[in-house]
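Construct the complete structure from the given sequences, taking the supplied hints into account.
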Amino acid sequence: MIRRWTFGQKVGAGFAVTVALSVAIGVVAIYALRSVVGDKDRVIGVNAQVLIDAQKLYATAEKKGGAGRGFLLTREERFVTELREVRAEFTSVMEQLARNSSSEDERRLLAAIERSEAEHQQAFDRVIALRRTEAPLDEVSQAFESQISPSRARLDDDLRAFVSSEQQLLDRAIRASTAKASRSMTLVGAIAVIILVFASLAAFALTRTLARQIGTAVGQVQSSSAELQASATQQATGSKEQATAMSEISTTISELLATSRQITESAQRVAKIAEQTAIAARAGDETVEITHQSIAGIRRQVDLIVNHMLELGKKSQQIGAVLEIVSELAEQTNILAINATIEAAGAGESGKRFAVVAEEIRKLADRVAGSTKEIRGLIEDVRSAVNTTVMATETGSKAVDAGSKQFGHVAVSFKQIGELVVSTTEAAREIELSTKQQMTAVEQVNVAIRNVAQASKETEASSGQTQQTASQLAFLSKDLLRLVQPQAA
Amino acid sequence: MWRPGVSGHEAGVVERADELRQAFDHSFALAPASQTDTAIVQTLLTVRVGSQPYAVRLAELSGLYVDKPVTWLPGPVPELLGVAGLRGTILPVYDLGMLLGRPRAATPRWLLMTAGTPVGLAVEDFDGYLSVRLEAIVPEVRAEARQRHVREVVRTADLVLPLVSLASVLESITNRAAADDPDREQ
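From first to last, the protein sequence lines are chains F and P.
Per the numbering used here, residue 1 is the first one in the first sequence, and the count goes up by one each step.
Per the numbering used here, residue 1 is the first one in the second sequence, and the count goes up by one each step.
Calculated from the structure, these hints are not laboratory results.
Small disclaimer: the values here were computed from a predicted structure and weren't measured.
We put the CB at the ideal spot given by N, CA and C, even for glycine.
Ranges between beta-carbon positions, derived for each pair:
no.: 1; chain 1: F; residue 1: D303; chain 2: P; residue 2: T156; range: 48 to 58 Å
no.: 2; chain 1: F; residue 1: Q301; chain 2: P; residue 2: W72; range: 58 to 68 Å
no.: 3; chain 1: F; residue 1: R376; chain 2: P; residue 2: T71; range: 29 to 39 Å
Dropping the structure here:
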């Protein structure tokens, strides 16, 4: 906690503790002085006053004796009056003493004084009365000696005893007060010594801590200033390189600007070409659609041809079946004719004419058989042709299907081309717009680069100043280190 | 006659039919005296035995039949295919090819019925009717070409056919039958 305090806090804390101890010592000193002063006041105000009052009693007793003796000598009434006044004063002092008495001894001594004074007053009253009676002086003198002097001697004894007692009390109080003042002086001195020791320790610790921390900080400042110097040097070098790079970047950006203009022109051309391509693609799409319809018509015709050809094949088969019957009839006719010829030969002369007929029938059957063979060949040719045609038409149909599919693909491709061309047009326009924005941005970048180049030059100058400041800071940190740690400097 | 859409090929077929009709009518228009003299003309049938063409005299036949059912008859004679009913008569049917020394025919379809002793001779195919002059029938002089029951050949301008002697075939059959008949031997 204390380690995190600032120097001001630490110094302030030291001063605060010192001030607190000073206040404490002041308070203790004030308390001691007040106590001593109280004791002294009490000694002076009570004990000394009592002693003075006791002395006053002495003086009053003397004055009382003088006034009595004056009356006894002169018989003047003013001395009686004086005597009364002195006695009133005596009584007043006694009351004062009675109020200030604090011990039993004092009250006992005061009671003894009061009794002695009463006896002394009674003795005076009797002698004064005697003096008023015109009694001889000797008798008065004798009465004085016999009555007043002994009471006066007791009164004086009691007064001396009281004064002596009060003198002892005063001496005791003075000694007690002196002892208290000495203890207070000793306490204040001890506290002063403690404060001195604490202040020395605090000053030592504070000095040591501050010297160490300031030394550490100064060392760090020294290393930081060295690093700052190195950084400033690097920054200066970097600023130079940055200025050079900025110049190159500015040149490159100028070239980029020219390239962006070319890109814009190319994008415009691409957009125009894309529009033309879109028109051509739409035309191609329409052409493909027409062709697709034509192919569908061709396909229907081809299907019709295939159906006709298949029908023709069926008819050919039927013709073949009929021809088989004709061929079989011809064969049977031929057999019949041959057998008729054989029979006619066996019939002798009468069978010759029948033999001629049979021969002609056989020839006819023979020719019919030959013709049926030819017809069979023709039918085979027709069937072969039909098969070939069907196969060709099927192949054509497949080709038409393939063509139709391909045209479908072509149509889809044309649609895709159209969509792609639209996308290309939009992309070209976006490229054009983006390139224009890019040109604006590049021009702004160019301006920014020039600003940065200017800033780099300023940074270079600032780096020189920073370098100089770092050198001064290093020098100052050395001085400061020498101030706080002379042995380290 | 108007024929719609008749091509050249069809016109030829129609023309051919007309020729046939005219020839048929023309044969009846001639006088009987102008008929071919049978004495100098020999009528033959051409047949196929094991894909080999042969000729037989029509005079040695009493009939020609096709696709007649032959009932197989077990026996020691391999050439005998069985018996067949022709004109109400049960006839033995022999394989002419085997009788000529050739291997057995696969499916003999035609039957030749011999004159005199009626016997059925089975052949694979019947080619046609052939009329030749007597001088066209010459003896077979080539020793390497001689076969059983073939002693003559028919030689025309465009073909040479071995002529099978059905009399020799019948004689051979008769002799074998006589040899196999124990009562006949006694």
